[in-house]
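**Q** Quick note: the sequence shown uses my numbering, first residue 31, plus one each step.
These are computed hints drawn from the structure, not numbers from a lab.
In silico DMTMM-like pairs for lysine to aspartate or glutamate, Cα to Cα no more than 25 Å straight-line:
#: 1; residue 1: 162; residue 2: 194
#: 2; residue 1: 229; residue 2: 280
#: 3; residue 1: 229; residue 2: 210
#: 4; residue 1: 752; residue 2: 616
#: 5; residue 1: 945; residue 2: 925
#: 6; residue 1: 579; residue 2: 672
#: 7; residue 1: 941; residue 2: 329
#: 8; residue 1: 652; residue 2: 577
#: 9; residue 1: 397; residue 2: 931
#: 10; residue 1: 652; residue 2: 638
#: 11; residue 1: 661; residue 2: 638
#: 12; residue 1: 434; residue 2: 612
#: 13; residue 1: 179; residue 2: 194
#: 14; residue 1: 579; residue 2: 762
#: 15; residue 1: 852; residue 2: 931
#: 16; residue 1: 579; residue 2: 674
#: 17; residue 1: 171; residue 2: 194
#: 18; residue 1: 579; residue 2: 765
#: 19; residue 1: 710; residue 2: 430
#: 20; residue 1: 434; residue 2: 449
#: 21; residue 1: 710; residue 2: 833
#: 22; residue 1: 434; residue 2: 601
#: 23; residue 1: 181; residue 2: 77
#: 24; residue 1: 579; residue 2: 645
#: 25; residue 1: 322; residue 2: 833
#: 26; residue 1: 579; residue 2: 729
#: 27; residue 1: 769; residue 2: 741
#: 28; residue 1: 211; residue 2: 519
#: 29; residue 1: 229; residue 2: 540
#: 30; residue 1: 171; residue 2: 272
#: 31; residue 1: 710; residue 2: 615
#: 32; residue 1: 179; residue 2: 77
#: 33; residue 1: 941; residue 2: 804
#: 34; residue 1: 211; residue 2: 245
#: 35; residue 1: 941; residue 2: 395
#: 36; residue 1: 171; residue 2: 210
#: 37; residue 1: 929; residue 2: 942
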Amino acid sequence: MTDNIPLQPVRQKKRMDSKHRTGCCECLRCCGRRDPRPRTVWLGHPEKRDQRYPRNVINNQKYNFFTFLPGVLFNQFKYFFNLYFLLLACSQFVVEMRLGALYTYWVPLGFVLAVTVIREAAEEIRCYVRDKEVNSQIYSKLTARGTVKVKSSNIQVGDLIIIEKNQRVPADMIFLRTSEKNGSCFLRTDQLDGETDWKLRLPVTCTQRLPTASDLLQIRSYVYAEEPNIDIHNFVGTFTREDSDPPVNESLSIENTLWASTVIASGTVVGVVLYTGRELRSVMNTSNPRSKIGLFDLEVNCLTKILFGALVVVSLVMVALQHFAGRWYLQIIRFLLLFSNIIPISLRVNLDMGKIVYSWVIRRDSKIPGTVVRSSTIPEQLGRISYLLTDKTGTLTQNEMVFKRLHLGTVAYGLDSMDEVQSHIFSIYTQQSQDPPAVKGLTLATKVRKTMSSRVHEAVKAIALCHNVTPVYESNGVTDQAEAERHYEDSCRVYQASSPDEVALVQWTESVGLTLVGRDQSSVQLRTPGGHILNFTILQIFPFTYESKRMGIIVRDESTGEITFYMKGADVVMAGIVQYNDWLEEECGNMAREGLRVLVVAKKSLTEEQYQDFEARYVQAKLSVHDRSLKVATVIESLEMEMELLCLTGVEDQLQTDVRPTLETLRNAGIKVWMLTGDKLETATCTAKNAHLVTRTQDIHIFRLVTNRGEAHLELNAFRRKHDCALVISGDSLEVCLKYYEYEFMELACQCPAVVCCRCAPTQKAQIVRLLQERTGKLTCAVGDGGNDVSMIQEADCGVGVEGKEGKQASLAADFSITQFKHLGRLLMVHGRNSYKRSAALSQFVIHRSLCISTMQAVFSSVFYFASVPLYQGFLIIGYSTIYTMFPVFSLVLDKDVKSEVAMLYPELYKDLLKGRPLSYKTFLIWVLISIYQGSIIMYGALLLFESEFVHIVAISFTSLILTELLMVALTIQTWHWLMIVAELLSLSCYIASLVFLHEFIDVYFIATLSFLWKVTVITLVSCLPLYVLKYLRRRFSPPSYSKLTS
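Turn these sequences into a full structure, and let the hints steer you where they fit.
**A** What follows is the structure in structure tokens.
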């Protein structure tokens, strides 16, 4: 087979786990850290600890008080650019090397460092304030003196903490008590694992039985827990009560835990704190914040190395032309200092100030309100993103389920025809309440209607009974809880379930007239449109599992004694369970293409004998020791045959506003979108279709579950044969593929138009980002809204956090924070594009400005016998790159080639930037040639046209140089802004006004003559006019893509 992948396992690279990756500042902060050990935690007695535990603080800062200055300086001087200027400034302390006043070197360097330190300090302070807000959240703590208020940061291992409904869990805890009557609580975990399903948690049985919460402090008990680890899905521990006779021992599992960053969804709970601070599961699943360096900055750093090479070559040539006479090595150093302007120190300042301006513009954009720039060092990254990795829940979707379709085979009901369903339900229950003789004289039309009504009724009743939803009644200020529960008060009722899909189904049955009003472990109560209560006894429940992909329930109708087995599940498993039909597969496909989450609902009527026979076999299977799960499954499957197909339901997870057009814009801009979610495979696939992440014309390849190398090899070969096909893969299969075939898998995945990874752990998300960076070398952007997305956001070249309903954890850890996913389009297409193009133009112009004066120095030195004498001294050299040209050059940060509306309308303009053309070796070389041409023209022109005194050369050449730079800025600008005109006029005015004070360098009387004016005019025209002509010809015969749109 030609397309087989050779069975060569990849060489395993040692990847440092996120919990072991620590920066220098983290090491300083946490020195003295010991290996984690199992622990014994006494309830309510934090002082009885057997080891030291970390403080319960959230810390997103890169530095602390002691490491800030050394850390910032190290990050600055590790780059060749800044280190070069430090060495340059230090060399001026040596008398033989000094070329001018010390301030000419130290003032610019000091200014650069001051700007950087102030910017970093501002970001650290902002970070500190955000962390303090989280750490200062108030909780209630049980103590011997009663209930006291405590800050989140002061919570210790062993504390008994009370958490109210909708409150964030502040630390990893064991669940001890709940106020709920059913003795359990629901937990929202989407900030931890990305799953939308609520999780059911059970308290420790021994502590739940205690009369009051304060009794927890009266008993002598402890929890023995495993060492802190990264696994959020498992836990091993025991609970022991010593003062009872005999002592009570209970095993603890994941069902008894309340992990930090989850939210209590029902009741008030009490828990004992097990882990705090850096030992939290959520913290161990996030990587430490790192200082991100933009690709643009690395490219500029590379150009400065080239310029340094040119500097060394020019210096050596100058000394060689002197035939290495005398102390030639000192002459080399003097020439290095003399031509040091080749590498402009103002480049770093201009770029850093530019980043601040871009950040300010992003924050001020009224079309993306609420956007925050948390890292002002990398706005240019937004203009070159090749891969966008996005979370699903809360980022692409609102996590709000809406019932969209009921399909009965011959007829389908959508949102616009739900009143028909309502009328069918109403007619059934009104007819049932009439006298039976009245039904005898029905016409044929009425019989047909009754048949349809009964079909609709059976479907709706099945949906209202087959679920795990519990109605809960709360006081609303008018009615108290007990009264609301007694009278089934509609305004006080809320539904609780582990899945939002189920809640959507039950809310829909309520809207059409059949309301779930009560439920406990053994019974269900439904209310009819007429207000009658229907009672059903729950005989058996078969819960949903990821393996079975279905759930079932057996109920007895108390009024008739009928026993019915209801079942709902995914179409792939239900197709083999229901009776033969010719529409199920086709309609499921149609609904799935619309992005709906489809469930197939079926029923089977059982006689009393059939049920008793089943129950006997079921109980026997549950008691068996060997192969229990297999035997239980076999018994249940004996019922799951020839079931009557009732209906299909279609539920949609509401997308965020304008998700589809935003994803289309990103796709047209050449950005590949990968969806990484902790949610189920079916849910993720539906959302991908619904959001048009996968287009209608594209096939989807669902990578089947693989557990070993052989299976992975076969599945990869099957996938390789597909073309233009979106990939859907689970986290478990992904792990196996990356273990054995990392290179092959990433090569195939990168060719896909879209990739969906489901059941992803937080660390896996970060690993995928890291692999994309390593394998493709392209820039990645990660978008998420939950705590489970923090690792991915921090690992990506550019992290964007969406401020979701479930807190700000992702938004606080991100480089950029937005309020809605749709704002991402404008952030990349407009602000990212402008930032990159402006910085590219600015950096090259600053290099041009310094190369011009260096070329003039080279010409001057070569004419005057290769002397290492500076052409311009003192204030002239500092003024040239500051007050005389700084404002016009920096005003390039306001330039733009197209309007923002055009950039949004034609995302293809963004695709051009992915090739890195605005700043490339080609454009750099063009600017170098322009600089050499202009510098040579100005210097040779001044030498040719001056008449008597040397000071006239300085006057003519320096004035021509300033005018040339101002004209070149005007040539470079594509869209004029009023501040640009002000900057040009201000700079020219500053130069003319300062001539009065520059009599030490320039002959003031000479510049007032007509001779001076015509010489300067001629030199400036010769240096600039050819470039204006070339620009006109290029625009005329080879216009850039954006100019075609603006013309």
